[in-house]
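Model the full structure from these sequences, guided by the hints.
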Amino acid sequence: AQSVAQPEDQVNVAEGNPLTVKCTYSVSGNPYLFWYVQYPNRGLQFLLKYITGDNLVKGSYGFEAEFNKSQTSFHLKKPSALVSDSALYFCAVRDLNTGGFKTIFGAGTRLFVKA
Amino acid sequence: DAGVIQSPRHEVTEMGQEVTLRCKPISGHNSLFWYRQTMMRGLELLIYFNNNVPIDDSGMPEDRFSAKMPNASFSTLKIQPSEPRDSAVYFCASTVGGANTGELFFGEGSRLTVL
Numbered sequence: 001a002q003s004v005a006q007p008e009d010q011v012n013v014a015e016g017n018p019l020t021v022k023c024t025y026s027v028s029g030n031p032y033l034f035w036y037v038q039y040p041n042r043g044l045q046f047l048l049k050y051i052t053g054d055n056l057v058k059g060s061y062g063f064e065a066e067f068n069k070s071q072t073s074f075h076l077k078k079p080s081a082l083v084s085d086s087a088l089y090f091c092a093v094r095d096l097n098t099g100g101f102k103t104i105f106g107a108g109t110r111l112f113v114k115a
Numbered sequence: 116d117a118g119v120i121q122s123p124r125h126e127v128t129e130m131g132q133e134v135t136l137r138c139k140p141i142s143g144h145n146s147l148f149w150y151r152q153t154m155m156r157g158l159e160l161l162i163y164f165n166n167n168v169p170i171d172d173s174g175m176p177e178d179r180f181s182a183k184m185p186n187a188s189f190s191t192l193k194i195q196p197s198e199p200r201d202s203a204v205y206f207c208a209s210t211v212g213g214a215n216t217g218e219l220f221f222g223e224g225s226r227l228t229v230l
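Residue numbers (my numbering), protein chains in the order written: chain A, 1 to 115; chain B, 116 to 230.
Read the hints as simulated data drawn from the structure, not as lab findings. A virtual CB, placed ideally from N, CA and C, is assigned to each residue, including glycine. Incorrect hints may appear among the rest.
Here are the in silico distance ranges between beta carbons for each label pair [claimed, not checked]:
{"hint": "1", "chain 1": "B", "residue 1": "Arg156", "chain 2": "A", "residue 2": "Gln71", "range": "25 to 31 angstroms"}
{"hint": "2", "chain 1": "B", "residue 1": "Gly157", "chain 2": "A", "residue 2": "Thr52", "range": "24 to 30 angstroms"}
{"hint": "3", "chain 1": "A", "residue 1": "Tyr61", "chain 2": "B", "residue 2": "Glu177", "range": "38 to 44 angstroms"}
{"hint": "4", "chain 1": "B", "residue 1": "Val127", "chain 2": "A", "residue 2": "Ser84", "range": "28 to 34 angstroms"}
{"hint": "5", "chain 1": "B", "residue 1": "Asn145", "chain 2": "A", "residue 2": "Asn41", "range": "26 to 32 angstroms"}
Take a look at the structure:
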């Protein structure tokens with residue numbers, strides 16, 4: 001079965017420093033991978049996705065993610081964190097074995113950016 | 116674009132009462148998903164529809180839960196009778212079906228409290 005793991009419940013970083021939020025996946029076949037962000041009392045918002053092609057994917061708000069097939073990872077990164085980046089981040093995988101529409105989310109990682 | 120619209124945003128009810136949550140997907144999106152979010156269990160996929168047809172309802176917790184999509188612009192999630200353990204935030208999301216590479220667009224959620 002398709003699954004994603006986010007090994008860190010929380011990540012703390014100082015404003016201006018680079019940030020990384022980790023995600024590993026387990027899929028059969030080619031993975032379709034996504035990152036979403038959730039601000040308090042809001043729905044999830046799409047940040048970026050990897051479907052095929054370049055392993056470095058750029059997304060919204062200066063975020064990027066690196067797909068690494070050998071390590072089955074899809075870590076979210078940003079060169080310089082902002083206090084406003086503080087939120088809950090979800091990695092997700094599209095389950096292609098069920099017609100391709102089912103999206104499975106990780107447990108989420110809370111990011112705190114300190115001023 | 117109006118985005119995915121959910122109602123009500125907040126619902127407080129007593130155990131045993133019927134609860135109906137509503138969702139209007141983005142126009143042109145033909146795949147619709149219902150998720151439930153709790154601190155303990157994270158984001159759980161309850162059911163999803165493609166072209167108004169339920170494709171996978173394996174995530175529906177029990178027979179007290181039912182979902183319908185009578186047309187392309189409206190879906191409901193009903194809980195009857197409600198129980199305190201149903202307290203959660205329920206999200207509706209939509210995407211363009213046919214291509215399984217599309218990201219999900221989430222509504223703002225319906226926060227349900229069952230007393």
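Hint check results:
For Arg156/B and Gln71/A, the hinted distance range of 25 to 31 angstroms is satisfied, since their beta carbons lie about 28 angstroms from each other. The supplied range of 24 to 30 angstroms is met by Gly157/B and Thr52/A, whose beta-carbon atoms lie about 28 angstroms from each other. The hint said 38 to 44 angstroms for the Cβ distance between Tyr61/A and Glu177/B, and at roughly 39 angstroms that hint holds. In this structure the supplied range 28 to 34 angstroms holds for Val127/B paired with Ser84/A, their Cβ-Cβ distance being about 31 angstroms.
Here the CB-CB span from Asn145/B to Asn41/A is close to 28 angstroms, well matched to the stated 26 to 32 angstroms.
Violated hints for the displayed structure: none, as all numbered hints are satisfied.
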